[in-house]
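**Student:** Protein sequences, first through last, are from chains A, B and C. Take the first sequence: its letters are residues 120 to 385, numbered as in the working numbering. Take the second sequence: its letters are residues 120 to 385, numbered as in the working numbering. Take the third sequence: its letters are residues 120 to 385, numbered as in the working numbering.
Note that these hints are calculated values from the structure, not bench results. It is possible that some hints are incorrect.
DSSO-like cross-link-like pairs, simulated, lysine-lysine; straight-line CA separation at most 27 Å [stated by the list, open to error]:
#1 A:LYS136 / C:LYS221
#2 A:LYS221 / B:LYS201
#3 A:LYS221 / B:LYS136
#4 C:LYS136 / A:LYS201
#5 C:LYS229 / C:LYS201
#6 A:LYS201 / A:LYS232
#7 B:LYS221 / B:LYS270
Just a sample of chain C residues kept apart from chain B, beta carbon distances all over 12 Å, derived [claimed, not checked]:
#8 GLY127
#9 THR143
#10 CYS151
#11 ILE156
#12 GLU172
#13 ALA178
#14 PRO190
#15 GLU191
#16 GLU205
#17 LYS221
#18 GLY251
#19 PRO306
#20 GLY309
#21 ARG361
#22 THR367
#23 TYR379
Reference excerpt, derived from the structure (chain A facing chain B, CB under 10 Å, subset only) [said to hold, decoys possible]:
#24 PHE126
#25 ASN144
#26 ASP150
#27 LEU188
#28 ALA219
#29 VAL259
#30 LEU269
#31 SER312
#32 LEU332
#33 ARG361
#34 LYS372
#35 TYR379
#36 PHE382
Note that CB positions come from ideal geometry on N, CA and C, so glycine has one too.
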Amino acid sequence: MDSQDIFGLLDKVRAEKPLIHHITNYVTVNDCANITICAGASPVMAHYPDDAEEMAAIAGALVLNIGTLSPELVDAMIIAGKRANETGVPVILDPVGAGATKIRTESTFKILKEVRISVIKGNAGEISVIAGTGGVVRGVDSGGISGEPLKAAEACSDLTGATVLMTGPTDIVTDGRRSYSVSNGHPMMGSLSGTGCMAASLCGSFAPVADDLLISSLAAAVTFGIAGEIAGSSCRGPYSFRTELFDTLFRMKRETIERYADFRTI
Amino acid sequence: MDSQDIFGLLDKVRAEKPLIHHITNYVTVNDCANITICAGASPVMAHYPDDAEEMAAIAGALVLNIGTLSPELVDAMIIAGKRANETGVPVILDPVGAGATKIRTESTFKILKEVRISVIKGNAGEISVIAGTGGVVRGVDSGGISGEPLKAAEACSDLTGATVLMTGPTDIVTDGRRSYSVSNGHPMMGSLSGTGCMAASLCGSFAPVADDLLISSLAAAVTFGIAGEIAGSSCRGPYSFRTELFDTLFRMKRETIERYADFRTI
Amino acid sequence: MDSQDIFGLLDKVRAEKPLIHHITNYVTVNDCANITICAGASPVMAHYPDDAEEMAAIAGALVLNIGTLSPELVDAMIIAGKRANETGVPVILDPVGAGATKIRTESTFKILKEVRISVIKGNAGEISVIAGTGGVVRGVDSGGISGEPLKAAEACSDLTGATVLMTGPTDIVTDGRRSYSVSNGHPMMGSLSGTGCMAASLCGSFAPVADDLLISSLAAAVTFGIAGEIAGSSCRGPYSFRTELFDTLFRMKRETIERYADFRTI
């Protein structure tokens with residue numbers, strides 16, 4: 120595995136401009152569309168089953184986010200997810216609020232049962248809820264976990280077969296066999312709604328251009344974290360941070376990623 | 120009643136970080152989430168009845184906003200609102216466009232009949248429509264009222280039992296017995312979509328940390344208005360205003376509120 | 120036809136402040152609301168059939184956008200559109216993604232069959248799909264067309280009876296008899312989600328204040344393009360561009376439009 124790939128993936132996204140189909144929440148959907156553009160990919164949102172199924176088949180990746188779910192929306196996710204599975208399109212799941220309410224937890228497991236998920240992006244609480252290792256979720260925020268973060272991420276990967284990106288002050292990326300920690304990022308990312316959703320959009324944007332979902336997810340986490348660090352160094356609050364975050368990602372060069380990337384095997 | 124409380128409430132929101140559950144419109148929902156974060160609270164949006172009911176029970180406050188309503192959404196609001204009532208969670212209602220169309224007016228009265236509302240936040244037209252004192256609403260904007268603003272706000276409070284925040288160039292806050300006018304604010308707030316919705320989110324954010332909903336609503340109006348004044352003094356249009364508004368609230372200190380607060384008993 | 124009108128329409132929007140009713144997607148809806156305000160009009164979003172029908176009747180224009188469609192939403196568009204037709208309210212259609220999936224294409228033709236559309240705003244692919252002149256749409260982006268852009272725009276206008284605004288590096292505005300090309304604009308407009316939707320909102324904002332939909336659509340395209348040019352000259356990425364775009368439109372003066380307008384008869 121050539122770790123160089125991590126630094127070159129953003130340019131590959133820009134060269135290939137994959138179509139990233141989202142079935143997502145109505146809170147952060149605009150930022151998800153725009154972060155996808157800033158990474159060089161092309162976003163599309165389609166949630167009606169017929170529309171979603173057809174769009175999933177022609178997409179480079181499918182991002183499922185249960186932030187404002189309903190049973191109908193979950194059904195659409197499953198229909199689109201199955202179609203994506205048939206055509207080899209990677210599926211990213213963001214189980215927003217799994218563990219906070221019964222329907223969020225059950226819907227997460229329903230999607231995981233019906234669709235082969237390529238990457239799960241979640242906070243420590245959500246990942247631990249899926250792993251069954253004891254996670255607490257309050258609204259859509261992690262409310263703490265019982266065990267070791269790495270163990271929970273690995274258990275989540277083992278159970279689901281997915282690559283897992285567990286976001287937090289330190290991100291963890293694992294496919295159950297290989298694991299990385301990522302120290303890139305900035306506390307201001309926790310003061311802007313939807314940074315988790317955006318991370319999932321970036322996992323989707325990077326997935327189609329890499330052979331290895333661990334590497335694409337790692338690259339997404341590192342690149343986003345670096346953009347956050349740069350934006351965080353000059354902002355005066357969450358909204359100037361947001362402007363800087365998106366603009367910085369849009370202008371990000373390979374050299375910047377190489378220079379600031381801060382991850383290691385764990 | 121210690122008027123000092125008004126200046127200290129923002130810090131209490133930040134210390135307690137209450138979960139503010141919204142069932143709201145898809146137009147301004149992102150700004151509602153982020154303004155809640157900027158005040159120091161934690162937003163969650165959940166509109167599917169099962170999800171909304173469970174979320175309402177664990178929330179610090181529930182904000183209902185009919186900006187893009189449907190009968191199904193209103194039903195979800197009532198289910199969540201009843202649950203909030205049972206568990207003592209304050210419920211804030213933003214009757215967006217009440218008076219503009221039949222369904223908006225009827226849905227407002229239906230919610231008021233089924234749910235015990237703690238705080239109603241509306242423009243002069245909407246509040247007057249609820250009060251029955253003659254209000255005109257054009258789209259989602261106030262189109263003028265027949266009588267005195269204070270009389271309409273007091274009548275709305277008397278009829279509903281709720282504390283009323285009537286927003287406008289001068290805000291009025293009343294619980295029917297005690298009334299305040301708030302002169303903080305900036306004209307640019309009328310040139311940004313959703314400032315009314317944001318005011319309701321702030322009423323929700325402040326409600327759980329105060330004993331007195333009149334004081335928490337007054338603090339919300341004053342604090343938001345001051346952020347608007349500061350943002351308005353340096354912006355070049357609605358979007359730089361928005362960035363400044365959110366960042367200013369995020370950084371707002373007690374001293375700033377004490378210094379600029381401009382309200383009085385009426 | 121007095122070409123001066125083009126430069127004076129923005130001030131007419133501000134003077135008359137028409138109510139612009141949108142039934143639109145949940146991705147870019149906030150920007151659509153705010154761009155409408157920045158042009159001087161008053162946005163309202165209402166999608167539930169009863170609400171939409173009533174709102175359409177009192178609006179200055181109705182904007183239909185199928186960016187995140189469902190059959191129910193398309194039905195609401197048709198109900199509101201028919202009501203708008205009865206009351207003489209101009210209807211703008213943005214056929215987002217027509218040609219990309221079966222339901223988007225079919226829904227576009229269904230709306231066109233049931234509602235008399237005043238203005239169609241689309242990218243080259245979408246307009247060519249409607250015209251039947253060979254258009255490719257990938258997600259919500261134009262993927263190329265077979266013939267001449269002007270021929271496609273004219274054919275679309277001939278088939279539908281609508282004025283057509285085909286957006287792209289060069290915009291084309293035609294009512295089938297008279298045609299203009301507009302060179303205003305900036306490449307950054309292609310790197311921000313929803314600039315197409317915003318263009319449709321502006322067509323809606325300008326339509327009620329002009330006698331001639333060709334002129335109002337041309338004015339919308341020119342004015343938006345100039346705002347894009349000015350914003351693009353000083354931005355550092357899509358989000359600082361967005362802030363500048365909205366603020367620039369908000370402050371735009373007749374003199375600026377006169378100075379920078381770059382369109383010609385074709």
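**Student:** Take the hints in turn and mark each one as holding or not.
**Tutor:** A quick look at each hint next to the structure:
{"no.": "1", "hint": "A:LYS136 / C:LYS221", "result": "holds (23 Å)"}
{"no.": "2", "hint": "A:LYS221 / B:LYS201", "result": "holds (19 Å)"}
{"no.": "3", "hint": "A:LYS221 / B:LYS136", "result": "holds (23 Å)"}
{"no.": "4", "hint": "C:LYS136 / A:LYS201", "result": "violated (48 Å)"}
{"no.": "5", "hint": "C:LYS229 / C:LYS201", "result": "holds (12 Å)"}
{"no.": "6", "hint": "A:LYS201 / A:LYS232", "result": "holds (11 Å)"}
{"no.": "7", "hint": "B:LYS221 / B:LYS270", "result": "holds (24 Å)"}
{"no.": "8", "hint": "GLY127", "result": "holds (21 Å)"}
{"no.": "9", "hint": "THR143", "result": "violated (9 Å)"}
{"no.": "10", "hint": "CYS151", "result": "violated (9 Å)"}
{"no.": "11", "hint": "ILE156", "result": "violated (6 Å)"}
{"no.": "12", "hint": "GLU172", "result": "violated (9 Å)"}
{"no.": "13", "hint": "ALA178", "result": "violated (8 Å)"}
{"no.": "14", "hint": "PRO190", "result": "holds (15 Å)"}
{"no.": "15", "hint": "GLU191", "result": "violated (9 Å)"}
{"no.": "16", "hint": "GLU205", "result": "holds (17 Å)"}
{"no.": "17", "hint": "LYS221", "result": "holds (25 Å)"}
{"no.": "18", "hint": "GLY251", "result": "holds (34 Å)"}
{"no.": "19", "hint": "PRO306", "result": "holds (20 Å)"}
{"no.": "20", "hint": "GLY309", "result": "holds (19 Å)"}
{"no.": "21", "hint": "ARG361", "result": "violated (7 Å)"}
{"no.": "22", "hint": "THR367", "result": "violated (7 Å)"}
{"no.": "23", "hint": "TYR379", "result": "holds (18 Å)"}
{"no.": "24", "hint": "PHE126", "result": "violated (31 Å)"}
{"no.": "25", "hint": "ASN144", "result": "holds (7 Å)"}
{"no.": "26", "hint": "ASP150", "result": "holds (7 Å)"}
{"no.": "27", "hint": "LEU188", "result": "holds (6 Å)"}
{"no.": "28", "hint": "ALA219", "result": "holds (7 Å)"}
{"no.": "29", "hint": "VAL259", "result": "holds (5 Å)"}
{"no.": "30", "hint": "LEU269", "result": "violated (26 Å)"}
{"no.": "31", "hint": "SER312", "result": "holds (4 Å)"}
{"no.": "32", "hint": "LEU332", "result": "violated (29 Å)"}
{"no.": "33", "hint": "ARG361", "result": "holds (8 Å)"}
{"no.": "34", "hint": "LYS372", "result": "violated (25 Å)"}
{"no.": "35", "hint": "TYR379", "result": "violated (24 Å)"}
{"no.": "36", "hint": "PHE382", "result": "violated (27 Å)"}
Taken one by one, the earlier hints fail for this structure at numbers 4, 9, 10, 11, 12, 13, 15, 21, 22, 24, 30, 32, 34, 35, 36, listed in ascending order.
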